[in-house]
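S.K.: Given the coordinates of chain Z, assemble chain U onto it according to the supplied hints.
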Amino acid sequence: MKIDRVTKHFGGLIAVNSVSFEILKGELLALIGPNGAGKTTLFNLITGVFKPSIGKIFFDGKEISGKRTSQIARMGIGRTFQIVRPFGKMTVLENVLVPLGKSFYTNLSVFSHSPRENSSISKAMELLKDAYLDDEFDKMASYLPIGMQRRLEIARALALEPKLLLLDEPAAGLNEKESMQLKEYIEKINSNGISILLIEHDMKFVMNIAKRIVVLDHGSKIAEGVPSEVASNPQVIEAYLGRKHKKGDKNA
Amino acid sequence: MGYLMTLGIFASIYTILAISLNILTGYAGQVSLGHAALFGIGAYVSAALTVNLGFNYWTALPLSILITALVGALLGLPSLRVHSDFLVLVTIGINFVVVALFKYTPFFGGPYGLLGIPRPSLFGESMNTFEYFLYAVGWATFTILFVYWMSKKYIRVAFEAIKEDEEAAEAMTISVARFKIYAFTISAAFAGLAGNLWAHYMGVIFPGNFSFSKSIEIMTMIVLGGIGTIRGAVLGAVLLIFLPEYLRFVSDYRMLIYGLIIVFTMIFIPSGLLGDRSITWKWTRIFKKGDRVAKNNEN
Chain Z
1 MKIDRVTKHF
11 GGLIAVNSVS
21 FEILKGELLA
31 LIGPNGAGKT
41 TLFNLITGVF
51 KPSIGKIFFD
61 GKEISGKRTS
71 QIARMGIGRT
81 FQIVRPFGKM
91 TVLENVLVPL
101 GKSFYTNLSV
111 FSHSPRENSS
121 ISKAMELLKD
131 AYLDDEFDKM
141 ASYLPIGMQR
151 RLEIARALAL
161 EPKLLLLDEP
171 AAGLNEKESM
181 QLKEYIEKIN
191 SNGISILLIE
201 HDMKFVMNIA
211 KRIVVLDHGS
221 KIAEGVPSEV
231 ASNPQVIEAY
241 LGRKHKKGDK
251 NA
Chain U
253 MGYLMTLGIF
263 ASIYTILAIS
273 LNILTGYAGQ
283 VSLGHAALFG
293 IGAYVSAALT
303 VNLGFNYWTA
313 LPLSILITAL
323 VGALLGLPSL
333 RVHSDFLVLV
343 TIGINFVVVA
353 LFKYTPFFGG
363 PYGLLGIPRP
373 SLFGESMNTF
383 EYFLYAVGWA
393 TFTILFVYWM
403 SKKYIRVAFE
413 AIKEDEEAAE
423 AMTISVARFK
433 IYAFTISAAF
443 AGLAGNLWAH
453 YMGVIFPGNF
463 SFSKSIEIMT
473 MIVLGGIGTI
483 RGAVLGAVLL
493 IFLPEYLRFV
503 SDYRMLIYGL
513 IIVFTMIFIP
523 SGLLGDRSIT
533 WKWTRIFKKG
543 DRVAKNNEN
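Protein sequence lines, in the order shown, are assigned to chains Z and U. Here the working numbering is used: the first residue of the first sequence is 1, the next is one more, and so on. Here the working numbering is used: the first residue of the second sequence is 253, the next is one more, and so on.
Don't read these hints as lab results, they were simulated from the structure. Given the structure is predicted, the values throughout are model-derived calculations rather than measurements. Idealized CB from N, CA, C, for every residue including glycine. It is possible that part of the hints are untrue.
Said to hold, decoys possible - Within a straight-line C-alpha distance of at most 25 Å, the following computed SDA-like cross-link-like pairs (lysine to any residue) qualify:
#1 Z:LYS62 <-> U:GLU419
#2 Z:LYS25 <-> Z:ASN44
#3 U:LYS415 <-> Z:HIS113
Said to hold, decoys possible - Every beta carbon over 12 Å from chain U, so not counted as near; a handful from chain Z, in silico:
#4 LEU29
#5 ASP60
#6 LEU100
#7 ASN118
#8 ALA157
#9 GLY173
#10 LYS177
#11 MET180
#12 SER191
#13 ASN208
#14 SER228
Pulled out of the complex, with its shape left as it was, chain U reads as follows:
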């Protein structure tokens, strides 16, 4: 039961991560293969604040989110100069640089990482696994609701516009620079939250936890689930956390499987399992079509 709870915590954390990458890549079209760097910054900032500087968890939480968001805004600056495939290379580079910084900075524990990261305490007692599970699920739910709400507002329209055509977006009074930075900042804030949840559950973090392969893992989740949708991000995160635990062979060839998932999803189901216009909806098309005709007749 405790093990299942742990998986539930991981699934919640990765749901937050996948949704956060989805804001950046799915909504705003800025492909990042360095998302684990932001995850790591959230984890390391919170760990260093509590372990090295003696901060209380509840102070470290907002600080780690805020600092990651600020770093995210800074890391967004290159996206104002470079586009698409070049931006992907830049984000990969950033991932390696950030991991190296953790590794070579004594304050961050160097290659041995940071140990003894405290669990948050509630009413004077630190959370047990079950409580932490509820806590993580709570944050994941908050993330889903927040991003869902955001996706109904004009911010989503602006993201969609810069994703499709930057020059046309500018002609529509949308400042591409401003909204790219928004996307990086919001995305980083949630990645920071995920990092915080990870660090304070694990109790120990290493630079290797946030390497490039972790970024690939997060990208695989949103590609498989369906890029640009919240439901896809959630499904991708849950699938890729639970499947390897039940299919042992998957876990042995983790990176190979992730690679294959990306390749095959891109070729055969580019909008993922639950993306807009994906195969799942095609199977239910008959009902939808009936719907649409009825709607058109009304108008």
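The shape of chain Z in the complex, shown without the other chains:
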């Protein structure tokens, strides 16, 4: 996946300013930056929610900028949302059955295939097991605590068998235990060869898990490198860590 000098403006506001970077196969890359740095906008550009004003995005050698979200998802990019968005009125199991219909949604076989086939259910249960959610399979998704909803979203994205997984602040609002569980889960996914792009505010979480970090500030990329490099970069400290410390470093 390659992001090539991508710019996005909304009217006069430049949300993302000529940002380029690459995610290598099987890599776990974190995208960090203070609030309003343009991280989520960049996510939305990658997933086709917005179209870049300038610049191009490539995935697997093909240009994806300008394609519809559903097409991009089909090409192998799974995502989660900053504010969790499971299908709240479906059960946990049903949530994972939705993406398992991937090959039917583009043609008339949606009329002939049932989500209740044993093969789909066992596949879904397997995904739920990996997410430590198999005990909750028949609960309504909106009734789950936030940590579980987060993992459900990831399991749902994994059901698409993506090559790249985009995680938008997966650790936000989680307690220590949930956060540990999530870290384990993400590392397991990554070790299965799925590349991961992670947006995260929780610095401790990022430093622990990311192999490489890209830092955004005011829409521009200000640093890129391994965690230790980035953490000692004065520009980053000023833009991100420095300001956080003054406020009392609520993420520490």
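M.R.: What follows is chain U alone, placed relative to chain Z:
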């Protein structure tokens, strides 16, 4: 007896209408208050084909369904741009426009409507009321079975997903545009069928038969019965066709009663009489709970 038969025909036609609106609103979440427009298009197309152009009923039937489905697909286009409450306003507007088109187009008979619409004939003889009753019930049964079958397939999953969260549905590879158009098309096809059955039973149709208040009536049926379920749509249609005939005072204040039903159902029993998680099931919850515990233990 003939009168009861007529009510049975109406109940069948409204069952088809309610189920068709349920596909659009209950399954796919696209609230339409202009469903009578599609009902009217089915009726008018079939009437015009047979009366004005001399088509045979059995040719007019598939044509009226097909044309209504195509118009439905077109009318679905605004839903790609506007959502929820705005879409409701658009569908109301469409209802008024369609009725006005019937009213001001001489080909459609203008305000006097179309007369002399033939009954379908079977073996050279046109159907009597009893035969037509069986015919209508047959179509209603077909509709129920078809939609039931459809509701077990992935198409229903896609509808459910776009109803709950369009952005998440897209992330799950479901093209929201495609499935909205599917919902409008399938829903319109059945509304067209209902229109055809109505026109060829009544023998005469007026623009006023398909006005906005008719759309409210159809919506009341699915809200009362339980939105999102076939059984609810059937119950709502049957109740609202038969009740006014037996409770005369209801029939005098039809629109008032419909309004009140919507208001009170929404406030006190939002999932209707037979919807999922409705009061009817709550009363039988004890048995169900026992069931569920047993099931969980098995797993």
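S.K.: Are the hints correct? Go through all of them and say.
M.R.: How the hints compare with the structure:
1. Z:LYS62 <-> U:GLU419: The given pair, whose Cα atoms are some 23 Å apart, holds under the 25 Å limit.
2. Z:LYS25 <-> Z:ASN44: holds, 21 Å
3. U:LYS415 <-> Z:HIS113: Given pair LYS415 of chain U, HIS113 of chain Z holds - Cα atoms ~20 Å apart, limit 25 Å.
4. LEU29: holds, 20 Å
5. ASP60: It holds; ASP60 of chain Z is separated from chain U by about 16 Å at its closest Cβ, greater than 12 Å.
6. LEU100: Non-interface label fails for LEU100 of chain Z: nearest chain U Cβ at 9 Å, not farther than 12 Å.
7. ASN118: holds, 14 Å
8. ALA157: violated, 7 Å
9. GLY173: Its Cβ never comes within 12 Å of chain U, the nearest being 18 Å, so this holds.
10. LYS177: Holds, since 25 Å exceeds 12 Å.
11. MET180: Consistent with the label, MET180 of chain Z stays out of reach of chain U, its closest Cβ about 26 Å off (over 12 Å).
12. SER191: At about 24 Å from chain U, SER191 of chain Z clears the 12 Å cut-off, so the statement holds.
13. ASN208: holds, 27 Å
14. SER228: holds, 34 Å
Against the hints set out earlier in the document, violations occur for numbers 6 and 8.
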